[in-house]
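Required output: the full structure, derived from the provided sequences and hints.
Number of protein chains: 2
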Amino acid sequence: MFKIPTLDKLVHEIARLPGVGPKSAQRLTHFLLKNPNYSEELRETLKLVEESIVLCKTCFNYTDNPERICRICQSPHRSAELMCVVEQPEDILQIESSGGYSGLYHVLHGAISPLEGMTPEKLKIRELIKRLDSADGVIEEVILAVDSDLEGDTTVLYLNQELSERSLKVTRLAQGIPMGSDIDYIDDRTLHRALSHRTEV
Amino acid sequence: MFKIPTLDKLVHEIARLPGVGPKSAQRLTHFLLKNPNYSEELRETLKLVEESIVLCKTCFNYTDNPERICRICQSPHRSAELMCVVEQPEDILQIESSGGYSGLYHVLHGAISPLEGMTPEKLKIRELIKRLDSADGVIEEVILAVDSDLEGDTTVLYLNQELSERSLKVTRLAQGIPMGSDIDYIDDRTLHRALSHRTEV
Chain A
0 MFKIPTLDKL VHEIARLPGV GPKSAQRLTH FLLKNPNYSE ELRETLKLVE
50 ESIVLCKTCF NYTDNPERIC RICQSPHRSA ELMCVVEQPE DILQIESSGG
100 YSGLYHVLHG AISPLEGMTP EKLKIRELIK RLDSADGVIE EVILAVDSDL
150 EGDTTVLYLN QELSERSLKV TRLAQGIPMG SDIDYIDDRT LHRALSHRTE
200 V
Chain B
0 MFKIPTLDKL VHEIARLPGV GPKSAQRLTH FLLKNPNYSE ELRETLKLVE
50 ESIVLCKTCF NYTDNPERIC RICQSPHRSA ELMCVVEQPE DILQIESSGG
100 YSGLYHVLHG AISPLEGMTP EKLKIRELIK RLDSADGVIE EVILAVDSDL
150 EGDTTVLYLN QELSERSLKV TRLAQGIPMG SDIDYIDDRT LHRALSHRTE
200 V
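In order, the protein sequences belong to chains A and B.
Quick note: the first sequence uses numbering that gives the first Met the number 0, first residue 0, plus one each step.
Quick note: the second sequence uses numbering that gives the first Met the number 0, first residue 0, plus one each step.
Hints in this document: simulated from the structure, not taken from any laboratory.
Treat the hints with care, since some could be wrong.
If chains are identical, the list can't say which one is meant, so a pair holds when it fits in one copy or spans any two.
[Claimed, not checked] Cross-link-like lysine to any residue pairs, in silico, SDA-like; alpha carbons within 20 angstroms at most: (1) Lys8 - Tyr37; (2) Lys123 - Leu92; (3) Lys46 - Glu139; (4) Lys46 - His29; (5) Lys33 - Glu12; (6) Lys46 - Glu12; (7) Lys33 - Thr57.
Below you can see the structure in the form of structure tokens.
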């Protein structure tokens with residue numbers, strides 16, 4: 000370490016970033032010391048982000064609109080009868096870049112995981128149900144685009160139960176072998192799921 | 000990308016950090032969005048570093064002393080007859096943690112590289128010579144602890160020539176096979192150097 004308290008604090012803070020180890024943190028600190036203009040610019044952008052980025056009041060995606068309505072919720076070109084439920088705002092970027100979807104979104108901000116204290120009340124599930132109920136039957140299908148893991152499965156089960164009384168089609172993303180992959184290298188659980196969900200050609 | 004200018008700017012700026020690609024930059028941006036307290040703390044530490052860290056007026060290492068004298072130059076426990084010349088302040092940390100040195104330092108802030116526009120005038124060489132001349136013969140040995148590459152070799156040649164008229168011992172770090180390494184895997188140039196610099200046992 001530097002044995003200079005301010006610098007050691009910076010190294011320590013940078014090392015808290017995901018995927019940044021102590022050695023990288025030291026290297027990044029040196030870069031910041033050598034580029035004071037960059038450091039200042041970064042600070043200003045961080046401040047701007049802290050001050051201007053809010054959650055959309057409808058779908059809970061990020062937005063810089065002070066009215067708290069995001070770009071997608073505002074767009075007249077999106078199919079209002081489709082709603083895609085995702086765990087995190089970053090999932091929206093991924094789905095948008097796939098080009099396979101043109102409906103609306105709803106961000107849960109997590110998945111149900113009782114072990115980690117993520118109960119349904121801590122997610123935007125109440126808001127989802129309220130939104131569906133107040134849509135007056137415009138929404139026909141809810142696509143659950145949650146992760147393909149235990150927390151995702153729990154969330155699908157819970158939401159399916161909650162939404163079962165409503166006249167809605169509830170779907171989830173197809174699970175199976177990823178594109179371009181070799182059957183030899185696919186894990187057992189994926190192959191099992193791909194077999195039981197096989198489709199007609 | 001987010002299609003939110005402020006967020007895209009942050010991703011772009013984070014991606015300028017060494018070793019951070021566009022995907023990591025996006026991930027770090029999400030982390031910062033989810034941890035506004037962390038973001039604020041990081042900004043404050045960056046500001047503190049920008050405002051308080053200066054170069055030592057003697058050796059050009061970093062210091063938070065407003066008098067611009069670093070911890071090592073101030074210490075009465077360092078051997079004043081030894082001076083170790085390094086390329087970057089981070090090299091001092093490395094040499095200190097090796098535990099093999101207790102003299103003073105001088106940071107050049109680079110190495111001679113005419114191709115990259117790093118001429119001797121852009122380094123702290125003038126300051127080094129002035130420092131040696133004003134030390135009144137206290138300094139007996141100058142250890143050139145520069146990198147073992149073309150730029151380091153050029154710097155050694157240049158400094159050796161500049162210092163040759165003075166009654167100083169000029170040395171450089173031993174070059175050879177690193178500790179714990181297997182001769183099988185050593186590159187030709189290192190092995191060549193290790194052979195010609197072989198030591199008596």
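Hints versus structure:
no., hint, in the structure
1, Lys8 - Tyr37, "both (19 angstroms within a copy, 13 angstroms between copies)"
2, Lys123 - Leu92, "within (19 angstroms within a copy, 48 angstroms between copies)"
3, Lys46 - Glu139, "neither (40 angstroms within a copy, 51 angstroms between copies)"
4, Lys46 - His29, "between (22 angstroms within a copy, 15 angstroms between copies)"
5, Lys33 - Glu12, "both (18 angstroms within a copy, 16 angstroms between copies)"
6, Lys46 - Glu12, "both (17 angstroms within a copy, 13 angstroms between copies)"
7, Lys33 - Thr57, "between (44 angstroms within a copy, 19 angstroms between copies)"
In this structure, the one hint that does not hold is number 3.
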